[in-house]
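Trainee: The chain contents come next:
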Amino acid sequence: LERPSSDHAVRLGLHINDMNWRGGAAGLRSDLREIVQAAEAAGFDSIAVADHVWVHPIMGGPTRSHVEAYTTLGFIAAHTERVRLLALATAAPYRRAGLLAKIVTTLDVLSGGRAVLGIGSGDYAEEADGLGLPFPSSAGERFDLLEETIRACLEMWQGDHGSDRRLDGEHVRLGRALNLPQSLSRPHPPILIAGSGERRTLPLVARYGDHATSDRHPRSPASSISCTVCAMRRVATTTRSRRRLRFGTTSVRGARTPLTSSSSYAPCRAWGSRRFSASWWESTA
Amino acid sequence: MGIQTVFGQLVGVDRMTPFEVMAREVIPAVAEFAPS
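From first to last, the protein sequence lines are chains A and B. Okay, so the first sequence: first residue is 28 according to my numbering, each after it adds one. Okay, so the second sequence: first residue is 17 according to my numbering, each after it adds one.
If we strip away everything but chain A, and leave its shape as in the complex, we get (with noise of 0.2 Å):
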């Protein structure tokens, strides 16, 4: 496969959500081996895992396999040379602050800077429950724990080994933020803050996001991307103007909705033309 040149203006992520390819558990290896290197060659821009510890039931559930997704992601750090890596998303109670921030600072430096920070709030409680994770019951309390998880890891990259301050957070605790060897990506990996309400979300990305995704509006199904960035234009213009919101993030299910049928995304609709599933879109500031 030919390499496009890379200068695109809009760039293609591959999400892989489900290994449950013929080789099985056995061939798994070499299987995700020649498929991310296949990606990469075919040109495109960044590979995501979805972390899950169970099949998330809109991809067929519990008993179909999954593995964990800050290893799969060394895995594919150590086979590509190019490729952004992120987790889509990480769930924010599942791993203490401090330990996530040393996850994606190693992922990154390992990779030679290609880590994105990818996370939520989580959305799976049957598997955290399952697996004995930590998962609030509460949304608000796991949007506050994913507020301060994302503080913890900024005092974490900033400048060139950490704050080095105490962080005392209602859910975080940081005695010493001392993060050696500091990311390879300055000032920081990007943060990509997965979700799309209006109320917790979008102010999140606006303080804290480089990069947003979030599902369509589920008050205006039909004006998906077009509510979602609007949104977001109005929370940043109101609370963060002195950040460059990069990009937010829509989701389509399919090649019938307004997106893929609208002509001011053709390329898109090709992709929906050839039974690839679209879902998640991200547009720039």
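Don't read these hints as lab results, they were simulated from the structure. The beta-carbon is built from N, C-alpha and C at its ideal position, and this holds for glycine as well. Mixed in with the good hints there might be a few duds.
[Claimed, not checked] Taking CB as the label site, the calculated pair distances span:
1. 40(B) x 166(A): 39 to 45 Å
2. 33(B) x 140(A): 28 to 34 Å
3. 36(B) x 166(A): 40 to 46 Å
[Claimed, not checked] Among chain A residues calculated to face chain B with C-beta under 7 Å, some are:
4. 40
5. 42
6. 48
Assemble the complex: chain A is given as a structure, and chain B must be docked to it using the hints.
Mentor: Below, chain B alone, put in the same frame as chain A:
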């Protein structure tokens, strides 16, 4: 604020054919599609 990146899943990703189609048809089309 225009579209910059599209994340998607590929059906039959372990058969490699989708990557050939992506490299031949979709990614070049995307390359000509400037953010709005």
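Trainee: Quick check: which numbered hints come out false for this structure?
Mentor: none
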